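Colleague: Fit chain C to the known structure of chain V by using the hints.
Protein sequences, first through last, are from chains V and C.
Going by my numbering, the residue at position 87 of the first sequence is 87; the numbering climbs one at a time, nothing skipped.
Going by my numbering, the residue at position 49 of the second sequence is 372; the numbering climbs one at a time, nothing skipped.
Keep in mind that the hints were calculated from the coordinates and are not lab data.
This one's a predicted model, so the numbers in the text were calculated from it and none came from an experiment.
A portion of the hints provided could be inaccurate.
To be verified - Calculated pairs, SDA-like style, for lysine to any residue (alpha carbon to alpha carbon, straight line, at most 20 Å):
hint, chain 1, residue 1, chain 2, residue 2
1, C, K353, V, Q245
2, C, K353, V, A109
3, C, K353, V, L20
4, V, K75, V, A109
5, C, K353, V, S23
6, V, K75, C, G412
7, C, K353, V, V34
8, C, K353, V, S250
9, C, K353, C, V392
10, C, K353, V, D196
11, C, K353, V, M113
12, C, K353, C, L407
13, V, K75, C, R410
14, V, K75, C, V392
15, C, K353, V, I30
16, V, K75, C, F399
17, C, K353, V, V17
18, C, K353, V, L110
19, C, K353, V, F125
20, C, K353, C, D417
21, V, K75, C, K353
22, C, K353, V, L2
23, C, K353, V, I33
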Amino acid sequence: MLVLDIVLALMILATAVLLLRISSLFQASILFIVFGVLVALAWLRLDAPDAALAEAAIGAGLTGALLLATAAQIKSNDADNTGSNKTKPPASARLLSVSAPTAGLLLLALTAMAAALLWLIPDFFAQPHEPILRDLAYGQLEQSGVSHAVTAVLLSYRAWDTLLELGVLLLALIGARATLTPGRLSLQPVQGPVLDQAVRFLVPVMIVIGVYLLWLGSHAPGGAFQSGAVLAAAMVLYWLAFPQQVQGLSDRVMHSLISMGLVVFLLAGLGVAMLGWTFLQWPQSWAYGLIVFIEMAATVSIAMTLALLFAGNIQTTTAQVSR
Amino acid sequence: MTAGLFFALAVVLFLLGFFIQALRPALMLKVLGLNVMSVAVFMAFLALANRHTPADPVVHAMVLTGIVVAISATAFALALIRALQHRNGHTQLDLAQLDRERVCSDAHDCHDAKERH
Numbered sequence: 001m002l003v004l005d006i007v008l009a010l011m012i013l014a015t016a017v018l019l020l021r022i023s024s025l026f027q028a029s030i031l032f033i034v035f036g037v038l039v040a041l042a043w044l045r046l047d048a049p050d051a052a053l054a055e056a057a058i059g060a061g062l063t064g065a066l067l068l069a070t071a072a073q074i075k076s077n078d079a080d081n082t083g084s085n086k087t088k089p090p091a092s093a094r095l096l097s098v099s100a101p102t103a104g105l106l107l108l109a110l111t112a113m114a115a116a117l118l119w120l121i122p123d124f125f126a127q128p129h130e131p132i133l134r135d136l137a138y139g140q141l142e143q144s145g146v147s148h149a150v151t152a153v154l155l156s157y158r159a160w161d162t163l164l165e166l167g168v169l170l171l172a173l174i175g176a177r178a179t180l181t182p183g184r185l186s187l188q189p190v191q192g193p194v195l196d197q198a199v200r201f202l203v204p205v206m207i208v209i210g211v212y213l214l215w216l217g218s219h220a221p222g223g224a225f226q227s228g229a230v231l232a233a234a235m236v237l238y239w240l241a242f243p244q245q246v247q248g249l250s251d252r253v254m255h256s257l258i259s260m261g262l263v264v265f266l267l268a269g270l271g272v273a274m275l276g277w278t279f280l281q282w283p284q285s286w287a288y289g290l291i292v293f294i295e296m297a298a299t300v301s302i303a304m305t306l307a308l309l310f311a312g313n314i315q316t317t318t319a320q321v322s323r
Numbered sequence: 324m325t326a327g328l329f330f331a332l333a334v335v336l337f338l339l340g341f342f343i344q345a346l347r348p349a350l351m352l353k354v355l356g357l358n359v360m361s362v363a364v365f366m367a368f369l370a371l372a373n374r375h376t377p378a379d380p381v382v383h384a385m386v387l388t389g390i391v392v393a394i395s396a397t398a399f400a401l402a403l404i405r406a407l408q409h410r411n412g413h414t415q416l417d418l419a420q421l422d423r424e425r426v427c428s429d430a431h432d433c434h435d436a437k438e439r440h
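Bound-form chain V, shown alone (with noise of 0.2 Å):
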């Protein structure tokens, strides 16, 4: 297995390298696609399914979607371009575009960084400390509620950072939003059956995944943040063949729906506490109940912000979807 670990890393560091010489942002979204579907394949071999799940899905898909949209809608703008007074773009895509100062800053910063990066590797291979949080995570977790470690880590020893990891997709959304530009791209769906039949088939295919794996996460690799990826990327399929549909979203459902994860979040947190144990504890007794209810809520927020945030940039107009 070793041979497929090594060749596993050279593929990946023959991408990275690629990244670094591309210029067209067409292709370099297409190899970062590549990138991160392998980087789920190498934490598949360091015994992580968990993020191998969220990075294929998350890392690999939903940002592989979002470049693609972005590089569409920057090229097509750029072609419209014709105004006097915007600025004149810049040459090409040299390489060094950087004068002969910041050029030498730069060879010092790569040696600075790569002597004291290299240094860590043996270190690496030095005595591990104690797991100390390790046997703490699997020593609790019958009284945790749930018996997958990750999503007991997750959803009850630290849900506070679960809770503010929903707010920080909030807040990424309501960045996002707030700088719609007028120029959106308008997505023309492609003409032809495939697309049209294979989203018939494949939607509601991702659609019982989805919440399978939110089901999954109590005693398996899963949960409400690979749930929600695969629910987004079942929409963005949905809406790349549909593309009217993005309209047909009221803004309250679709506020609800993106604040439900968060808000169901905080507010058992704060029941809880209210009732007599402190926020976020959950009592043993009603741990699994109240987990899957916030991993629903959450799924659903993650899955409408997520698929939004790439929506976001769509423009459809009726004179060009012509079904």
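Modeller: Just chain C, lined up with the frame of chain V:
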């Protein structure tokens, strides 16, 4: 051995990601470079967690949180890039160009700078 290999890869990826974002003038490629750096950090964490059996779940949860935060930041950065494209017509950060256009307080210095470039 697997963990050690991927830890070394993570170190190299971190350096590569830093240089992708430092050297490419296109803002979107800088965002890509930052993402590569994040992935490298996650890989280092997971390699460290893999030194024990069974693996450390706290580190896995941290990486999961990190992945979600990374896509939030990336999505916001891409929205800002789209806004910049709309405002400026381009999304390149050419440091040499910025050096040439830098505001100087001393007319004498500006004059010399203009002559050099």
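Colleague: Could you run down the list of hints and mark each one as holding or not?
Modeller: Hint check:
no.	hint	verdict
1	K353/C to Q245/V	33 Å, violated
2	K353/C to A109/V	17 Å, holds
3	K353/C to L20/V	10 Å, holds
4	K75/V to A109/V	33 Å, violated
5	K353/C to S23/V	11 Å, holds
6	K75/V to G412/C	10 Å, holds
7	K353/C to V34/V	18 Å, holds
8	K353/C to S250/V	35 Å, violated
9	K353/C to V392/C	17 Å, holds
10	K353/C to D196/V	35 Å, violated
11	K353/C to M113/V	19 Å, holds
12	K353/C to L407/C	14 Å, holds
13	K75/V to R410/C	14 Å, holds
14	K75/V to V392/C	27 Å, violated
15	K353/C to I30/V	15 Å, holds
16	K75/V to F399/C	19 Å, holds
17	K353/C to V17/V	14 Å, holds
18	K353/C to L110/V	17 Å, holds
19	K353/C to F125/V	33 Å, violated
20	K353/C to D417/C	12 Å, holds
21	K75/V to K353/C	17 Å, holds
22	K353/C to L2/V	33 Å, violated
23	K353/C to I33/V	16 Å, holds
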